[in-house]
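S.K.: The primary structure of each chain is shown beneath.
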Amino acid sequence: MNIQLKHPVAKLVVSVILVLWGISVLYPLLWTLFDSLKNNEQFFMNAPWSLPELPLLWSNFSYVWSKYNFSTYFVNSLVITIGSTVLALLLSATTAYVLARYKFRGSNALFLLYISSMMVPFVLALIPLFFLMNSMGLINTKLGLIFVYTSSLLAFGIFVLVGFFKSLPKELEEAAIVDGASYYGTFFRVMLPLSQPGLITIGIVNILNIWNEYIVGTILINDPDQYTLPVEIGVMQAEMQYRTEWGPLFAALLITIVPVLIIYIIFQRQIASGITAGAVK
Amino acid sequence: MNSGTVKWQRNLFIASFIVPTLLFFGVFTIYPVAQGLYYSFFDWSGMSDKKTFVGFDNFVEMFHDPIIWRAIGNDYFLVAGKIVGIMLLATFFAVALTRFGFRLAGFFRSIFFIPNVISVVVIGVLWNFIYNPQIGFLNGFLSLFTKEQVTITWLGFPGHTIWMLLPPAIWAGIGFYMILLIAAIQSIPESYYEAASIEGAGQWKQFWSITVPLTWEQIKVSILNIMMTTLNGSFVIVWIMTEGGPDNSTQVMGSYLYQMAFRQYHFGYGAAIGFIILVLSLITTIVLQRLMRHDTVEMS
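So the sequence lines, in the order shown, correspond to chains A and B.
When we follow my numbering, the leftmost residue of the first sequence carries the number 52, and every step to the right adds one.
When we follow my numbering, the leftmost residue of the second sequence carries the number 119, and every step to the right adds one.
Just chain A, same shape as in the assembly (with noise of 0.2 Å):
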């Protein structure tokens, strides 16, 4: 049981600042939205807070989806997010997998090469990403993204999974091996399924973090044709001091924003979990 706190004045201020804090989080969603259905003289001419006016501009959305070629930034982020995701999943939970389970020369230095790793700041590879990318021909493409989200994502994997992985007790995996299953089938078929609250919280973490990454995406990708989504936002924002879109700029985040909402309100536990388990280094 709680301690109420004592003071109802305590309670109140407190009840307040809470209430406050709320606002302040949840305001600009709702103001995004109503921004997203006005057109630009409702910018100038009213209060930044005013209501849109009738009829709503539910047309941003679609010159947006087609003039600005969301649709295509969009599917250009679901791919690339999915594909870094799954292949980041796959390569980490191998590894650490080996790593919770079998002893051999320098697995500890691997481990600790990989846990090392997420303390280089990532800037530092980024003027060599982009000429290494040039050279292998994967600059301007989804596939060179997905590899360099999917390789920035190991460290993270490998950590929380190889604990993962040793939680697990080791009698099933014994009783696999008497049954006759081979190396393989028993990380795929007994130990794969049983990680997989794991492997969900390390998704979904993932997902919110290449669907949200724009600073790599900005320096692969220099043809408009394959922006993701925030790297389309940072070049519309620029834009912007030319060429006034307000409403459409509004409706562009709100696509961003949409997606992710969704992916939270569904998997809220998962990615509580995920951050209380990353942050344990």
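Quick caveat, the hints were computed from the structure, so don't treat them as lab data.
Just so it is clear, CB atoms sit at the ideal spot from N, CA and C, and this is done for glycine as well.
Certain hints may be false.
[Stated by the list, open to error] Below, simulated PhoX-like cross-link-like pairs (lysine-lysine); rule was C-alpha separation at most 20 Å, straight line:
1. A:154 - B:323
2. A:221 - A:154
3. A:62 - B:323
4. A:217 - A:154
5. A:118 - A:89
[What the hints assert, rightly or not] Part of the chain B face toward chain A, derived, beta carbon under 10 Å:
6. 239
7. 242
8. 252
9. 334
10. 382
Given chain A, put chain B in place with the hints provided.
M.R.: For chain B alone, kept in the frame of chain A given last:
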């Protein structure tokens, strides 16, 4: 099957699970990082055949570059401001949502985390709109109290604009650390608090003698994490909101690296900035860890 083939099979299995991952990691992470360190000793405009070894010249040049000093100052300003702002609010929210018995605690917790799932680019654009001189929220709000329309260019003052970048950074960061601290507080046995309140300890006393010492590990991790993410690359807010301007006054190391390399094609110099980021973040980690270890000793 003799033991030789069994061993061979086992090794083959291990290799097949280790090598692809390591290869990937080597090519797309280790190799670029190592190259980044290597490039910092070259003068290089991006044309592969015009790379000249210059030793420590980039670092010497940096020493005389006022912008890099400003960038380092801004980075540490943001580190300090974010640590204070985020830790105060995140701790307050974490305690309020676990220890004060609010019925809507779960709801608030879900809401407060939302900024953390939104792209920093989107957050930058939203806050740009808050600060917008003509149609922004802040001026609109201030205009309610003045006769004339307020048209302050919030992001246009070379001296103070870096302060304007602190609220979005704090606003965007709190949820993550709040969740971390909530988990830590919830793992403290309830009996500790019960015993304390039987002895007449109030909320404040309980906070300092139970909550803080028992969540110190997570507080430490949070502070280190804020520092590292700020120094290591969270320059998206800066880039989206000011591009380091006006007049380079809001430049941070990450944004300056980006500008030098990809806008002005001084790739060697950019790489050298990256080197400095690595060194500073390692030094700061060690210093902070020392400082905070000292604190635990005092407290227990």
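S.K.: Evaluate each hint against the coordinates.
M.R.: Hint by hint, here is what the structure shows:
1. Proximity of residue 154 of chain A to residue 323 of chain B is assessed by CA-CA distance (about 48 Å); at most 20 Å being required, the pair is judged violated.
2. With a CA separation close to 14 Å, the supplied pair residue 221 of chain A and residue 154 of chain A stays within the 20 Å bound.
3. For the hint linking residue 62 of chain A to residue 323 of chain B, the alpha-carbon distance of about 17 Å falls within 20 Å, and the restraint holds.
4. For the suggested pair residue 217 of chain A and residue 154 of chain A, the alpha carbons sit about 13 Å apart, so the restraint of at most 20 Å is met.
5. About 17 Å separates the Cα atoms of residue 118 of chain A and residue 89 of chain A, which keeps this hinted pair within 20 Å; it holds.
6. Contact between residue 239 of chain B and chain A, as hinted, is supported at the beta carbon level, the nearest pair being about 4 Å apart and thus within 10 Å.
7. Taking 10 Å as the C-beta cut-off, the interface hint given for residue 242 of chain B holds, the closest approach to chain A being about 8 Å.
8. Interface restraint check for residue 252 of chain B: the shortest CB-CB distance to chain A comes to about 7 Å, inside 10 Å, so the restraint holds.
9. Taken as an interface hint, residue 334 of chain B does not check out: its beta carbon lies about 13 Å from the nearest beta carbon of chain A, beyond 10 Å.
10. Residue-level restraint check for residue 382 of chain B is violated (minimum Cβ-Cβ distance to chain A is 13 Å; threshold 10 Å).
In summary, the structure is inconsistent with hints 1, 9, 10 from the numbered list given earlier, while agreeing with the others.
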